[in-house]
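> Sequence:
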Amino acid sequence: MAMITTMNTGDVGMREADEIDPFLRRKWQHAFANFFDLNKNGVVEWEDLCLLKTVIAKSRGEDSREFRKAETHLSRIWDKLVEATRVDRAENVKYHF
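So in this note's numbering the end of the sequence shown lands on 130, straight run, no missing numbers.
Calculated from the structure, these hints are not laboratory results. Values in this document were obtained by computation on a predicted structure and should not be read as measured data. Treat the hints loosely; a few may be bogus.
[Said to hold, decoys possible] No more than 30 angstroms apart at the CA atoms, straight line, and that leaves these computed lysine-lysine pairs for BS3-like:
hint, residue 1, residue 2
1, LYS86, LYS60
2, LYS60, LYS91
3, LYS60, LYS73
4, LYS102, LYS73
5, LYS102, LYS91
6, LYS113, LYS60
7, LYS91, LYS73
8, LYS102, LYS60
9, LYS73, LYS113
10, LYS86, LYS113
[To be verified] Computed beta-carbon distance windows for the label pairs:
hint, residue 1, residue 2, range
11, GLU95, PRO55, 38 to 44 angstroms
12, ASN67, LYS102, 35 to 41 angstroms
13, THR87, LYS113, 28 to 34 angstroms
Ideal placement from N, C-alpha and C gives every residue a C-beta, glycine not left out.
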């Protein structure tokens with residue numbers, strides 16, 4: 034069972050959560066829910082990014098430029114997310130304010 038690690042704005046050297054503009058907060062929540070947490074379980078897992086690759090493969094094809102870029106870059110995105118939240122690569126990231 035993977036441990037869930039929370040990420041709040043203080044974890045990545047940003048302003049305190051109560052100082053963040055509500056519009057910007059909604060934008061981040063939308064991005065989290067629609068671009069990262071694809072299985073809608075409230076956490077970002079490596080499996081979410083693998084699911085994104087599957088979606089791209091189905092819509093664009095495995096020979097497409099988009100799929101090749103996803104293959105190359107999604108692992109890097111995960112590594113940066115893990116680095117920013119200071120969690121182990123096998124752990125999950127939960128976003129909250």
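> All hints are to be evaluated individually against the structure, with a verdict given for each.
So, going through the hints one by one against the coordinates:
1. The straight-line distance between the Cα atoms of LYS86 and LYS60 is roughly 23 angstroms, inside the 30 angstroms bound, and the hint therefore holds.
2. Under the criterion of a C-alpha separation no larger than 30 angstroms, the hint pairing LYS60 with LYS91 is consistent with the structure, at around 27 angstroms.
3. In summary, the hint linking LYS60 to LYS73 is supported, as the alpha carbons are separated by about 17 angstroms, within the 30 angstroms threshold.
4. Only pairs whose Cα atoms come within 30 angstroms are accepted, and LYS102 paired with LYS73 is accepted, the gap being roughly 24 angstroms.
5. A threshold of 30 angstroms between alpha carbons decides the hint, and for LYS102 with LYS91 the separation of about 15 angstroms falls inside it, so the pair holds.
6. Taking the CA atoms of LYS113 and LYS60, the gap is near 20 angstroms; set against the 30 angstroms cutoff, the hint holds.
7. Between LYS91 and LYS73 the CA atoms are separated by roughly 20 angstroms; this keeps the pair inside 30 angstroms, and the hint holds.
8. Our distance criterion of 30 angstroms between C-alpha atoms is met by LYS102 and LYS60, whose separation comes to about 25 angstroms.
9. Restraint check: the Cα-Cα separation between LYS73 and LYS113 comes to about 21 angstroms, which is no more than 30 angstroms; the hinted pair holds.
10. Note on LYS86 and LYS113: the hinted pairing holds, with a Cα-Cα distance of about 18 angstroms set against a maximum of 30 angstroms.
11. Range check, GLU95 to PRO55: about 41 angstroms between beta-carbon atoms, so the 38 to 44 angstroms window is met.
12. The supplied range of 35 to 41 angstroms is broken by ASN67 and LYS102, whose beta-carbon atoms lie about 19 angstroms from each other.
13. Against the hinted window of 28 to 34 angstroms, the Cβ-Cβ separation of THR87 and LYS113 comes to about 21 angstroms, which falls outside the hint.
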